[in-house]
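Take the sequences, apply the hints, and build the full model.
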Amino acid sequence: MSRCVCTSIVASMLAIWTPGLDGQTVGRDAALSLEFEALKFDPPDPEIHEVLGVPVLFIEDHSVPLVSVFASFKGGYARLPRGEYAAGTALASLLRFGGTQTLAPDSVDKLLEYYSIQTLFGGGGESVVASLNTLTEHLPLALDLWAQLLKQPAFDDDQIDIWRGRAVEQIRRREDNVQGLAYSEFNRLMYGDHPVGWEMRMDDLSEEALNREQLLKVHSKILCRQQMTLGASGDVSWPDLEVQLRRALADWPHCEGELPPSPAPDIRREPGVFVIPRALEQSVIVMAHPTSVHMAEDPEYFAAQIGNSILGSGGFSSRLLARVRTEEGYAYSASSLWTMPRRYDGLVGAITQTRPESTVPAIRLMLETMTEMTEEPPSADEVRTGVDRLVNGFVFNFDTPGRIVSRRMYYLARELSPDWLERYLRGVQGVTPSAIHDVFRRNLRPEAMTILVVGDPERIGRESLASLGPVTIWEVEGGR
Amino acid sequence: MKQTLGIFAYVATAIVCATAALSAQEAPGERLPVARMQLDNGMRVLVLPRPSSPTVAFVVEYAIGGVHERLGTTGLAHLLEHLLFKGTTTIGTRDVDAELRLFEVMDAAHDTLLSARGARSRDTTEINRLTRLIATLEDSARAHVEANEFDRILTRAGARGLNATTGSESTLYFVELPSNRTELWFVLEADRMQNPVFREFYTERNVVAEERRMRIDTSPGGLLYESHLAAAFQVHPYGVPVVGYMADLETLSRRDVDEYYRRFYGPNNATVAIVGDVDVDQVRAWVEKYLAPIPRGDEPPPVLAREPDQRGERRIELLWDAEPSVRIGWKVPAALDEDAPALSILTSLLTGGRTSRLHRRLVDEDRIATGVFSSLGPGWRFPQLLTIDATPRAPHTTAELEEAIYDEVGRLAREGPSADELERVRNQVAASSIRRLQSNLGLAFQLTQSENLLGDWRETFRFSARVRAVTSDDVRRVAATHLIDSNRTVASLVRSGATP
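Protein chains in written order, with this note's numbering: chain R, 1 to 480; chain W, 481 to 980.
It is possible that some hints are incorrect.
Said to hold, decoys possible - Covered by chain R, per the in silico footprint, the following chain W stretches (three or more residues, Cβ under 8 Å):
(1) 530-538
(2) 656-663
(3) 938-951
As the list claims (entries may be wrong) - Straight-line C-alpha distance at most 20 Å; calculated SDA-like pairs for lysine to any residue:
(4) W/K769 with R/F121
(5) R/K40 with W/Q762
(6) R/K40 with W/E663
(7) R/K151 with R/Q101
(8) R/K110 with R/F121
(9) W/K811 with W/H716
(10) R/K110 with W/F853
Rather than coming from a laboratory, the hints here were simulated on the basis of the structure.
Note that the Cβ used here is the ideal one computed from N, Cα and C, for glycine as well.
Rendered as structure tokens:
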């Protein structure tokens, strides 16, 4: 009976397979024989102005009655001592929620929500960023309020307490998100007592460590004039915007000095297998080792970028996802990671999640896939896929004026050339299979991986885990 | 280009005037220059030219999702969505005949495996043998596969965001391309609409099982969501998880998928939106060439299940080694009901922003929660839930959160919102009507969903106008009518010492 049913399935598939259309109109041959006209596009280049010493990038765009304004400040918690970690981390949120010297937090909320002004305040180890999006008609009010939040924050005590309570709760709930737990503990394992490896602790959140004075101190170090870059796009002319920016920047404090650079990391270099034992239906796997490829206009960097897309950052076109997901069905996602900071060493490795019984086979498969990258150059076809994706999709870097402006601000903050994207495109177009092979041979050592598994050792198999190397139980900081 | 900018300028004018006479205004967006094409095969195609950037967003929406499933085959719609990226009779294969021959053998082995697993005396040796046989056969078939070729063709063309999503009542396939590649989309999508091959079936079924483990089985929030819906909907398929139950995922067959595909994936059940730098006449020609010849499919059966009236509060507890949280859901009417605009306003008043009632009470004033959110769902077509999710701040409990939430909901039901509160929400709705015009992909989603679920691409724009016309008394009435104790299902995540 089952064979009959299956036969009918095949027959029905064949029936579908004979389309009413001319067979050559659709399908592979039709797709590959299409020829495309060159894309005609002339993206706007941001105007570069300076207002009271602050660089401002600007694109005028009247397609919708909205204006966006962006601010970026060099400096974040990575350039502060550990004692200021909580204040550095809380800074962006409390700029938004802590009120201003003339408006209580509640009044700020009411104004922003009444006029439907969208703001975003964020940041990380190296920068603090903020943005504003408003209907054109509310721009003067919105820009004035946004500038007050950045320039004259009140850091209201109640809001500090609410932020502290939320941070305490996040610590308590860390283990509820096993993926997040794996990534943060892996950073701690690799970077130790370095800002990348820092995880918020209860003592960071004490009233002595996180209070209004600490926040004002950190604010004065980072949100000062010389560390600021501004950008704007939208439904406003430059003369109109300039008047409003002059008003906002008029009494902006100057920096008292330059922040020290973030410390050079001392990244773990010894291989090892670490396990965080948890009774889970799925293991989380993270593995990596340090590398010294830096973001720069350098053939090695471009080869690493395309090579990484072939290894595992290019989605379904990459080898890791093809092997781990498409061929073996071990995981929903699998990808490589290759961080290439400007100044310091980064990490190269891979991540995935799989059921306990597939944990070690998946790790072995990922290591094998990486080894192959060191042994043979990728095919010309693989390189072409990685390059074509960037070249043909280049236009998406210019699809909105806001995206163009914010990307140029990013380059400026990292001291990259304004035409970095064009240089990047030229660089990747020169990448060859042998250049990729060279960069992997020099920089990828699967045998040197530090491997972290969050999962159930019994179901994974203790012997199986031990076959990867001596296993160390990794204690979660403040864990259950 | 000038014409489009002119239209947007008109929309802007409509927004600025919106506060003057809310109910009398034509909704913003209704005058967008959308070309609607109704094909003889039943497919609807919506084209919106927006030449500001040389890119195009494509969305295909099928009116099919979790509500069209039955216990025993849950997860079918979602698995099918995965398999439709596996290619066709010409894409993704080196020898489709050889593949199909192997499908026949491995599917027979799978049928036998299911029989063996269901037998009164389980023969583990035989089960393992058949499992290995299917894996071996799939490996043999893989020798004829050009893996991920569909994805690779689009990736090389510079595609962005190629993906799909399956919901309770619709499945959407989407991608953005540089505008000079528009015809490529037609060639590939028309092929996928007619000639799919469900290759690498058993491996992909395992991938979906891993997706379930990731989203549900290792996620306390995911499992709470699933358990809450199952408790609230005991008859209607909204209670069935779209990702499927694990037991079903382990037994779904290629035959199930094939039958499901035939029933629900005809062009008469599809809506297409194309938004971006396109010429409408050229697109119309491609529609005629590639999409119009696709034969009409079966008429999908309607969903007739109706959830009976709830007769009393339902409560469930989910034990997990995790910190507590709570989901409270009230049964409310479908998105087409006349109460829907007031319910939409009600969710904004409760949790939409820092000045909302529940944020102020629970997070700012009482400081018993770290966050509180609300939503309407899980679908649009059928009576659904207004849900509030809240997370307590230790040492406070979910019981304290419930008490405060019911207190605030009761106050709204008695007194209604103030004029200031309503004005704030109206302004936000007006501004969001402008903001949604910024994204090709966002507009494409809106057009297909509006056309597919509500019958007219303009309907969601009109809904915004209806929302802005809601009065304080409307809000008070819907809160008093629907947010009552007996209509409520509460799911609490309770910490257990034991591990799952």
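Taking the hints in turn, this is what the structure says about them:
Given as covered by chain R, the stretch 530-538 of chain W passes the check, having 4 residues with a CB less than 8 Å from a CB of that chain where 3 are the minimum. For the stretch 656-663 of chain W, the stated coverage by chain R is satisfied: 6 residues place a CB nearer than 8 Å to a CB of that chain, which reaches the threshold of 3. Look at the stretch 938-951 of chain W against chain R: 0 of its residues bring a Cβ nearer than 8 Å to a Cβ of that chain, fewer than three, so the hint is violated. Distance hint between W/K769 and R/F121 is unfulfilled; the C-alpha atoms sit about 49 Å from each other, more than 20 Å.
With a C-alpha separation of about 17 Å, the suggested pairing of R/K40 with W/Q762 holds against the 20 Å cut-off. Taking the CA atoms of R/K40 and W/E663, the gap is about 16 Å. The hint holds against a cut of 20 Å. Only pairs whose Cα atoms come within 20 Å are accepted, and R/K151 paired with R/Q101 is accepted, the gap being roughly 10 Å. Pair hint R/K110 plus R/F121 holds up; C-alpha atoms about 17 Å apart against a cutoff of 20 Å.
With a CA separation close to 12 Å, the supplied pair W/K811 and W/H716 stays within the 20 Å bound. Taking the CA atoms of R/K110 and W/F853, the gap is about 18 Å. The hint holds against a cut of 20 Å.
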